[in-house]
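Q: Take these sequences, add in the hints, and give me the full structure.
Number of protein chains: 2
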Amino acid sequence: MALVVQKYGGTSVGDIERIKNVARRVAKTYDAGNQLVVVLSAMSGETNKLVAFANEICEFPDTREYDVLVSSGEQVTVALLAMCLKSMGYKAKSYLGHQVPIVTDSAFSKARIEKISEKNMRQDLADGTIIVAAGFQGVDRTGNITTLGRGGSDTSAVALAAALKADVCEIYTDVDGVYTTDPNICEGARKIDRISYDEMLELASLGAKVLQIRSVQFAKKFNVNVHVRSSFNDNKGTLVTKEDSEMESILVSGITYAKDETKIAVMRVPDKPGIAARLLSPLSEANISVDMIVQNVSEDGYTDFTFTVSKADFKKALLITREAAEEINAKDVLTDESISKVSIVGLGMRSHAGVATKMFDTLAHEGINIQMISTSEIKISVVIDAKYTELAVRVLHNAFGLSNKDVQPE
Amino acid sequence: MALVVQKYGGTSVGDIERIKNVARRVAKTYDAGNQLVVVLSAMSGETNKLVAFANEICEFPDTREYDVLVSSGEQVTVALLAMCLKSMGYKAKSYLGHQVPIVTDSAFSKARIEKISEKNMRQDLADGTIIVAAGFQGVDRTGNITTLGRGGSDTSAVALAAALKADVCEIYTDVDGVYTTDPNICEGARKIDRISYDEMLELASLGAKVLQIRSVQFAKKFNVNVHVRSSFNDNKGTLVTKEDSEMESILVSGITYAKDETKIAVMRVPDKPGIAARLLSPLSEANISVDMIVQNVSEDGYTDFTFTVSKADFKKALLITREAAEEINAKDVLTDESISKVSIVGLGMRSHAGVATKMFDTLAHEGINIQMISTSEIKISVVIDAKYTELAVRVLHNAFGLSNKDVQPE
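Chains A and Y supply the protein sequences, listed in that same order.
Using the numbering used here, you'd call the opening residue of the first sequence number 51 and step up by one each time.
Using the numbering used here, you'd call the opening residue of the second sequence number 51 and step up by one each time.
These are computed hints drawn from the structure, not numbers from a lab.
Where hints are given, some of them may not hold.
For chains that are exact copies, the list does not tell them apart, and a pair is met inside one copy or across any two.
Stated by the list, open to error - Derived pair list, reagent style BS3-like, types lysine-lysine, alpha-carbon separation capped at 25 Å: (1) LYS286 / LYS160; (2) LYS70 / LYS99; (3) LYS408 / LYS361; (4) LYS141 / LYS366.
A: So this is what it looks like as structure tokens:
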């Protein structure tokens, strides 16, 4: 008998028929002799509706009340699924965040899980009850409702799996698993069978959108096997798990892209110690994350300083940067809003030279100019003109042999 | 400085504009120097939507999960109102049932309040915070979410007013107060300025729909002055309060009708001691309330046994009754789903004979057949064919002189 945590996203519980489908899938897993915790998101569209309400009320909704508001979404789906399972003759019980309880800090709308009490759940599981837990939500130490941020239900599921030491955490979604790249822009995109936590972290943070990045961090920390799969068929999905030697033999696992960044370049900055801090600290004080940062080689005591921020932060970042640039007597601030970031990710990079060269060669061959480069141990990202995004992804996918599993050039 | 509890119903918070209106009204009361607890229902239509979901899932939704489901409605409105008040510069804080906490028994979907802890609220009130509490919902002693039954927000409001010893509990609704009868079917219907708890109890239980009956019981028990008024204007409404001599001089205060009942008749029941109990106890075990009960005069050792239940309970009640009827060898179970109950209510009845006669005469004069009769000290109810409901109400309203305050025949 295994303990299985299953998480179903918003599209999987998007209407009553789909909730009934989920109930049948849950029942099947239970009937196979497993203990079961099911974690649900709100019906797709529901959270957006609630957020729209909040924005109609005022421009900057209070975050405590915002969490009370949006956490009502999962309350609806867990009740409906538990109801459905009971009407099918199963023991089932819904759990809201404060009923588990999933204790978080008090950072409303982006709370972090501090502690999950497993006592109540253990009792119900031992009793043969299927637990239907609300994803996305928790409760702080003084009883306020909190939420974990967009996509937080993945994190809820992995955290519950960690707390209960579950055998596997299945994340059901509307795609078959994690792909080598976006199938919408690259025909040859292929589902990945197994991938390491670290690779998944890079893929998730770079825009693969299948799993919330914090859920992968959680999974890595507590060694939770995460199986990403479709709720619309029985295909095997992608297993996100500890890295093994087989994984390391693969040079590049996936290629991702992100179009939601913008570039800000501060020109002719006096090249003195402390300049980077004077440009960047006002941004971090305004809670703006800077992604890539490049500083040119100095010339005549001056340098250019370029960085990227998300489109959402662009206006605010530009205002702040212009002020800072003036203070340090920079010559100019240039911007580019039509850029994209394309990245290749793979454990194999660590032990293979030449991956970067191959990437740059491939892009150069198509006449695609690289504007910025950033690397980590297992990924290389480049910023290019947005209009070449799809082309870049396709040629890289091909160059690294991802379209065909058996032919992986070294 | 007074402590005021205000309750706004579903239509008063039916959309964002209306919630903003409520916020302005709340702010006005607060600015006048009052401490304030605001109790809200769900947006009108929202509870119906959720109930429809439940009914799509299965015929008899599990009541624990039903309560989790429908209590999400008030969660949305309290968050939005608290958000709105905060954006206007007021201190405000939403309270869900389990955050107050409002502790109830575990009779899901019709729970009874056992205890309200005022500690958290007192602290916030002393701090100048406007409390925005979710109506309708509570929590049982093991942490399950419960609801108080349809219209339960009135009860929440009165119970909170009682717990906090509030000076007044204002129930805002979409009508100007309590009327002598339904203005939609009787032009002469007139707003009542003051009415006793007992009369209001009869009016509420008989379908006046302005106040949930349990809220009036609560108000009576704890002597809470309840002011029923419109959220769309500043008119004085109806004050529900302790009975006084002026009230007693009025023969009939109001006429109500209810169309949500159905009749079940068990035919040729052996007339033996214990038969009524054997028919009725399975219903009460299933938590179904039986309203009127009539047993015919016995003939040949057999009798007919007739009672009414609400339309919502009809299917379940019929199933149960058929089983019980078979067990006691009754001949048949007949039903009538197109009945209505029309009632006259008034403190003055206690000291005046002839009220019943006048009622029956008036109906007979219009050719309306009376199927069942039930009486209390201050009310007389009759069951008639549903199609005569409006006619019956109009002729009775006229017969008891309710259309004109000054001419009250004895």
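Q: Could you run down the list of hints and mark each one as holding or not?
A: We went through each hint and held it up to the structure:
1. LYS286 / LYS160: Neither: 32 Å inside a chain and 45 Å across chains, both beyond 25 Å.
2. LYS70 / LYS99: both (23 Å within a copy, 18 Å between copies)
3. LYS408 / LYS361: neither (30 Å within a copy, 74 Å between copies)
4. LYS141 / LYS366: Close across copies (22 Å), not inside one copy (47 Å); limit 25 Å.
Violated hints, listed in ascending order, are 1, 3; each of the other numbered hints is respected by the structure.
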